[in-house]
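The listed protein sequences correspond, in order, to chains A and B.
Counting along the first sequence from 1, when you hit position 103 you're at 102 in numbering that gives the first Met the number 0, and nothing is skipped either side.
Counting along the second sequence from 1, when you hit position 140 you're at 139 in numbering that gives the first Met the number 0, and nothing is skipped either side.
Be careful, since some hints might not be right.
As the list makes no split between identical chains, a pair holds if one copy fits it or if it spans any two.
Unchecked claim - With a straight-line Cα cutoff of 30 Å, these simulated DSSO-like cross-link-like pairs (lysine-lysine) come out:
1) K286 <-> K233
2) K31 <-> K10
3) K31 <-> K90
4) K233 <-> K10
Simulated from the structure, these hints should not be mistaken for lab results.
There are 2 protein chains.
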Amino acid sequence: MNEAEFGNLVKRVAIVGGTHGNELTGAYLIQKFEQFPDLVQRSSFETITLLANPKAFAAGRRYIDRDLNRCFLQRDLLDATLTSYEDQQAKQIYQQLGASHDTQADVLIDLHSSTANMGLTLIPANSQPFNLRLAAYLGAVCPDVKVYQWAWSAAQSPVLRSICDWGCAIEVGAIAQGVLDAALFQQTERLIQAVLDYVEAYSSGSPLPLPVPETVTIYQCTEMVDYPRTAEGKLLAMVHPHLQFRDYQPIAPGDPLFLTFEGETIAYTGDSVTYPVFINEAAYYEKGIAMCLTQPQQIHIAS
Amino acid sequence: MNEAEFGNLVKRVAIVGGTHGNELTGAYLIQKFEQFPDLVQRSSFETITLLANPKAFAAGRRYIDRDLNRCFLQRDLLDATLTSYEDQQAKQIYQQLGASHDTQADVLIDLHSSTANMGLTLIPANSQPFNLRLAAYLGAVCPDVKVYQWAWSAAQSPVLRSICDWGCAIEVGAIAQGVLDAALFQQTERLIQAVLDYVEAYSSGSPLPLPVPETVTIYQCTEMVDYPRTAEGKLLAMVHPHLQFRDYQPIAPGDPLFLTFEGETIAYTGDSVTYPVFINEAAYYEKGIAMCLTQPQQIHIAS
């Protein structure tokens with residue numbers, strides 16, 4: 000890697016969990032790292048850990064007042080009239096970790112889980128070369144890793160990871176809310192170690208255990224599909240059994256998307272093959288998202 | 000069946016869902032039956048439907064103040080000082096459906112879901128012959144049905160179904176909280192139809208589509224096992240990956256139960272083979288239950 004190409008060295012890495020209080024994988028990994036800080040320390044940078052929404056974690060809920068992971072729009076962080084618990088948390092986290100603060104994080108990893116069958120999904124903070132190379136490297140370390148990108152631009156992004164140019168969210172599943180899945184806990188921990196290895200290599204010039212592949216496939220969100228609903232917003236259908244837990248698998252026009260409560264199938268009416276993800280995520284019922292349609296894009300990594 | 004053996008005919012069947020607001024299968028089945036009441040009507044009795052915890056359903060939470068399905072101890076129903084939202088709901092439901100009220104239900108079905116892999120589990124209200132025959136019949140209709148019984152006696156039972164001598168809870172899973180699983184929705188609906196067929200045959204003397212088997216296997220809870228915890232109650236371990244989703248499968252002394260956050264296996268130290276159920280149920284973390292150990296018992300059905 001070429002340091003000049005990417006800017007300054009990394010001084011501080013932040014590992015964040017429990018941004019959603021009922022996503023236990025990240026919250027308990029943070030507790031583990033707080034108990035055994037040596038696990039996440041490296042010689043060339045400092046690692047800090049943060050349980051982002053302790054009140055929601057204690058209550059076993061995604062959030063107390065509003066979704067913390069939608070509180071990081073720049074205009075909201077600057078809006079003094081926003082005073083909900085999560086708005087206050089967001090401002091405090093931004094003060095601690097955001098750019099141009101004394102304690103800013105140069106790399107940030109935010110740990111999430113999903114009731115959808117996301118496997119081990121990486122969501123880079125943006126498309127900067129540092130992040131794309133990281134995604135490609137994690138794919139080499141763990142071939143099951145998928146890379147997903149939302150449709151919003153970095154400037155419009157309301158999510159916690161957007162306060163830092165370098166880093167990603169790690170989204171693992173399928174895990175029910177309020178549950179620890181030991182296998183996915185361990186796989187997530189291994190991914191975090193691989194992220195730290197990558198940063199260490201970048202920062203100190205040490206070699207990586209594996210070479211970074213020349214390309215990475217990113218599943219780019221092209222459309223968010225809501226459940227069929229009445230005019231008042233009441234659900235009319237469920238995710239079709241043929242689609243449940245089949246995240247990242249292709250569907251073609253005419254394939255089943257939904258099943259109404261009366262047993263009628265509703266088919267996909269798009270023009271071409273698509274790859275749905277976040278299928279039947281519990282937290283997205285209220286957001287009007289039954290699934291996100293994606294297109295895989297192969298990206299060449301600058302060497 | 001011998002009517003004299005079982006007492007009076009059935010006048011009213013109650014189907015209850017949404018007792019826990021984030022268990023969507025039952026709540027949406029109730030909404031469907033309210034929209035299409037003919038689906039659950041039979042000629043020989045009246046069927047009523049009830050969304051038991053509408054506030055918790057609207058909030059997407061198990062409960063608002065306390066677990067509604069633990070509010071039905073007789074002494075709590077009579078305790079005027081208990082005024083939480085769920086205590087009020089429990090008293091109102093008891094007034095409507097409980098024994099010796101004008102609108103009492105003679106048979107009650109309470110619909111639940113679990114993050115544990117409970118498949119289609121029937122939990123009879125008690126061991127009265129009506130309920131055991133019903134359980135045996137449902138096993139004939141659907142060979143995947145399992146029958147489970149808690150350790151508490153009928154008189155000590157705090158659950159909603161205990162207000163009615165005849166009936167059961169239906170517990171389906173694995174389903175994440177806040178999620179509809181279309182396949183399990185349809186299977187639950189078929190089970191409800193089979194319950195109504197059974198009651199109709201009992202009440203009107205009409206023949207059942209299938210004969211009632213002579214025996215039924217009941218998984219009797221013998222012990223509830225909590226997660227390993229610190230003295231302050233903090234979790235020290237997760238359900239072991241080898242055990243996750245393996246409800247109703249036998250484990251022997253020495254088999255893995257838990258995995259600590261540091262990766263150490265904790266084995267089952269009991270004396271003999273047991274069959275754990277409710278493994279890693281999200282709602283039971285706060286109740287101190289990681290799983291329920293059971294012994295299968297074959298019960299002969301009085302003909």
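- What label fits K31 with K10 when the C-alpha limit is 30 Å: within, between, both, or neither? This pair counts as within: shortest intra-copy Cα distance 22 Å, inter-copy 57 Å.
- Indicate which option fits the pair K31, K90 if close means a Cα-Cα distance not exceeding 30 Å: within, between, both or neither. Within one copy only: 25 Å inside, 44 Å across.
- Homomeric proximity label, K233 with K10: Cα distance no greater than 30 Å: Cα proximity of K233 and K10: none, with 49 Å in one copy and 33 Å across.
- With identical chains treated as interchangeable, where does the CA-CA distance between K286 and K233 reach 30 Å or less: within a copy, between copies, both, or neither? within (13 Å within a copy, 32 Å between copies)
In summary, the one numbered hint that this structure violates is 4.
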